[in-house]
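The primary structure of each chain is shown beneath.
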Amino acid sequence: MKKHSIEFKLNGDIVKAEVLPNKSLLDFLRSDMGIKSPKVGCDRGDCGACTVLMNGKTVRSCLVLAVEADGCEIVTCEGANANKLTQKLQKKFHEKNAFQCGFCAPGVILSATELLSENPKAGREEIKEAISGNLCRCTGYEPIVEAIEEAAKK
Amino acid sequence: MPITAQFEYEKVKSWSEALSLKSAKGSSAKILAGGTDLVVLLRENWVSPDLLIDLKGLEGISDISFKNGVLTLGANVTFSDLIKSQTVKKHFTALWEAAQTVASVGVRNRATVAGNICSAVPCADSAGPLLVYEAEINLLSEKESRKIPAEKWFTGPKKTAIEPNEILHSIEIKAPVSKTSAAYLKLSRYEGEDLAQASITALLDCDKNYKIAFGSLAPTPRRAYKTEEFLKGKKIDKETLSQAGKIFEKEIAPISDIRSSKEYRLHMAKVMLSRALEKTVSRYYKGVPHYGEGMIE
Ligand code: FES
Ligand code: FES
Numbered sequence: 033m034k035k036h037s038i039e040f041k042l043n044g045d046i047v048k049a050e051v052l053p054n055k056s057l058l059d060f061l062r063s064d065m066g067i068k069s070p071k072v073g074c075d076r077g078d079c080g081a082c083t084v085l086m087n088g089k090t091v092r093s094c095l096v097l098a099v100e101a102d103g104c105e106i107v108t109c110e111g112a113n114a115n116k117l118t119q120k121l122q123k124k125f126h127e128k129n130a131f132q133c134g135f136c137a138p139g140v141i142l143s144a145t146e147l148l149s150e151n152p153k154a155g156r157e158e159i160k161e162a163i164s165g166n167l168c169r170c171t172g173y174e175p176i177v178e179a180i181e182e183a184a185k186k
Numbered sequence: 051m052p053i054t055a056q057f058e059y060e061k062v063k064s065w066s067e068a069l070s071l072k073s074a075k076g077s078s079a080k081i082l083a084g085g086t087d088l089v090v091l092l093r094e095n096w097v098s099p100d101l102l103i104d105l106k107g108l109e110g111i112s113d114i115s116f117k118n119g120v121l122t123l124g125a126n127v128t129f130s131d132l133i134k135s136q137t138v139k140k141h142f143t144a145l146w147e148a149a150q151t152v153a154s155v156g157v158r159n160r161a162t163v164a165g166n167i168c169s170a171v172p173c174a175d176s177a178g179p180l181l182v183y184e185a186e187i188n189l190l191s192e193k194e195s196r197k198i199p200a201e202k203w204f205t206g207p208k209k210t211a212i213e214p215n216e217i218l219h220s221i222e223i224k225a226p227v228s229k230t231s232a233a234y235l236k237l238s239r240y241e242g243e244d245l246a247q248a249s250i251t252a253l254l255d256c257d258k259n260y261k262i263a264f265g266s267l268a269p270t271p272r273r274a275y276k277t278e279e280f281l282k283g284k285k286i287d288k289e290t291l292s293q294a295g296k297i298f299e300k301e302i303a304p305i306s307d308i309r310s311s312k313e314y315r316l317h318m319a320k321v322m323l324s325r326a327l328e329k330t331v332s333r334y335y336k337g338v339p340h341y342g343e344g345m346i347e
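Residue numbers (the numbering used here), protein chains in the order written: chain A, 33 to 186; chain B, 51 to 347.
Calculated from the structure, these hints are not laboratory results. Any given hint could turn out to be false.
As the list claims (entries may be wrong) - Label-pair restraints from in silico Cβ distances:
| hint | chain 1 | residue 1 | chain 2 | residue 2 | range |
| --- | --- | --- | --- | --- | --- |
| 1 | B | Lys208 | A | Ser149 | 45 to 53 Å |
| 2 | A | Gly103 | B | Val120 | 53 to 61 Å |
| 3 | B | Lys140 | A | Ile46 | 47 to 55 Å |
| 4 | B | Gly110 | A | Gly88 | 17 to 25 Å |
Stated by the list, open to error - Once the Cα atoms are required to be at most 25 Å apart in a straight line, the calculated SDA-like pairs of lysine to any residue come out as:
| hint | chain 1 | residue 1 | chain 2 | residue 2 |
| --- | --- | --- | --- | --- |
| 5 | B | Lys300 | B | Lys197 |
| 6 | B | Lys296 | B | Cys173 |
| 7 | B | Lys80 | A | Lys68 |
| 8 | A | Lys35 | B | Leu101 |
| 9 | A | Lys89 | B | Lys106 |
| 10 | B | Lys63 | B | Lys197 |
| 11 | A | Lys89 | B | Ser112 |
| 12 | A | Lys185 | B | Lys80 |
| 13 | A | Lys68 | A | Phe135 |
Unchecked claim - Chain A stretches covered by chain B per the calculated footprint, using a threshold of three residues with CB under 8 Å from any CB of chain B:
| hint | stretch |
| --- | --- |
| 14 | 37–48 |
| 15 | 71–78 |
| 16 | 90–96 |
| 17 | 128–134 |
| 18 | 159–165 |
Note that beta-carbon positions come from the ideal geometry of N, C-alpha and C, so glycine has one too.
Whole structure, please, built from the sequences with the hints as guidance.
Below, the structure is given as structure tokens:
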């Protein structure tokens with residue numbers, strides 16, 4: 033396999049690297065970049081734990097190849113704090129004690145960030161739809177939905 | 051887990067480059083669109099291509115255009131793109147509605163319509179709408195270009211009419227000229243992310259011609275021509291629906307799988323056919339609900 037040089041923006045910084053075609057973006061972020069907020073859940077696109085923002089849109093980094101990130105802008109939870117919206121969401125999640133183990137949290141936070149940046153006044157149904165691809169084994173979703181609802185209100 | 055499959059990757063800069071690679075490599079080269087199916091298959095070692103050809107750098111590949119009543123979807127148009135398109139919403143309701151039922155946002159942002167029909171699983175959400183709107187699929191190879199009507203596209207489970215040296219270039223759909231209404235109905239085990247246990251797409255025009263397509267109820271997504279023929283010119287009422295159900299039942303060939311049993315599918319297929327037709331008729335007179343409303347309807 034031939035290595036490819038890629039250059040992309042990761043949480044605001046330019047990253048240059050050489051990657052093999054069969055390396056997933058998730059693997060690359062976690063093992064090469066030391067970015068650990070995207071989690072390895074199912075590794076097959078079902079759970080949303082590996083969610084990152086790619087050019088502002090949530091994607092499942094386990095289904096994206098690292099080579100495909102060339103020229104893109106990738107934001108993970110580590111860098112999303114720079115976004116006011118994410119800060120607001122995080123505050124609400126905190127207040128509501130919305131997570132338990134927190135494994136799903138980075139994915140949920142990014143999905144909610146994408147939703148509110150496109151639809152700042154999103155209602156309950158839209159919130160549920162937006163996080164329907166983020167599985168949570170702990171909370172039963174109620175506090176998560178409530179926290180996003182509150183962030184959408186103000 | 052690392053991906054163990056070994057392959058090369060080429061992000062092409064032109065169609066001619068893509069086509070010459072494809073014709074040199076044939077079926078050992080795969081087109082990488084959103085990767086939401088392909089990367090899963092690679093991870094599981096269910097496919098082992100030598101080369102992935104990435105078309106995402108080509109100009110216009112993600113464009114949705116609407117000219118002279120023809121909608122053209124580039125090979126990289128995603129389900130999220132469809133949902134955001136007012137044209138799709140206005141003229142191709144069933145397609146727009148089907149797009150919303152595909153997995154979840156994070157998948158829809160990457161998964162493409164072209165990829166959906168190239169994977170050609172019996173439950174492909176875009177298949178039913180493309181069948182009732184009688185879409186055409188534009189294929190390119192190094193030497194020629196050809197069009198395949200959606201109805202001839204699906205040749206078997208995960209099989210299509212595309213040749214190993216061809217690449218799907220775009221999908222074209224003519225907007226219906228007269229007033230029509232349409233609906234896409236999907237049955238799944240829970241709301242949110244699931245594949246269809248069964249799906250029905252229905253379309254009605256001003257002469258009471260009905261078009262019906264189904265998914266997950268036979269080896270491929272298909273049109274229900276006999277049921278359509280029976281319904282032609284008829285008003286939808288209880289009696290008509292029950293007769294239509296009997297004809298429909300013979301047109302489908304569901305199996306039992308992890309998502310439901312054959313018997314359940316047979317039963318629900320009729321229920322859904324009725325619901326889809328009733329919804330289509332009511333939309334013909336009352337119009338389509340807004341986004342958000344549509345989901346809780
Ligand atoms: S790890 Fe990517 S979706 Fe589960
Ligand atoms: S808080 Fe544990 S998975 Fe969501």
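Task: Hinted pair B/Lys63 and B/Lys197, Cα distance within 25 Å - done: Roughly 24 Å between the alpha carbons, so the hint for B/Lys63 and B/Lys197 holds.
Task: Given hint A/Lys68 paired with B/Lys80 - CA-CA distance at most 25 Å - done: violated, 31 Å
Open item on the list: Taking 8 Å as the Cβ threshold, is the statement that the stretch 71–78 of chain A is covered by chain B upheld or broken by the three-residue rule?
Closed with: holds (count 5)
TODO: Closer than 8 Å, Cβ to Cβ, for at least three residues: run that test on the stretch 159–165 of chain A against chain B and report holds or violated.
DONE: It holds, with 5 qualifying residues against the three required.
- [ ] Take the C-alpha atoms of A/Lys89 and B/Ser112, compute the straight-line distance between them, and say whether it is at most 25 Å.
- [x] It holds: about 15 Å lies between the C-alpha atoms, which stays within 25 Å.
Open item on the list: Quick check: does the Cβ-Cβ distance between B/Lys208 and A/Ser149 fall within 45 to 53 Å?
Closed with: violated, 37 Å
TODO: Check, residue by residue, whether the stretch 90–96 of chain A contains three or more positions whose beta-carbon lies closer than 8 Å to a beta-carbon of chain B, and give the verdict.
DONE: holds (count 6)
Open item on the list: Check whether the Cα positions of B/Lys296 and B/Cys173 lie no farther apart than 25 Å.
Closed with: holds, 22 Å
Task: Distance restraint between A/Lys89 and B/Lys106, which requires alpha-carbon spacing of 25 Å or less - done: At roughly 16 Å apart (the allowed maximum being 25 Å), B/Lys106 and A/Lys89 satisfy the hint.
Open item on the list: When I compare C-beta atoms, does the stretch 37–48 of chain A have three or more residues closer than 8 Å to chain B?
Closed with: violated (count 0)
Open item on the list: Between the alpha carbons of B/Lys300 and B/Lys197, is the straight-line distance 25 Å or under?
Closed with: violated, 31 Å
Open item on the list: Check the hint pairing A/Lys185 with B/Lys80 against an upper bound of 25 Å on the C-alpha distance.
Closed with: This hinted pair is violated, its Cα atoms lying about 46 Å apart.
Violated hints for the displayed structure, listed by number in ascending order: 1, 2, 3, 5, 7, 12, 14, 17.
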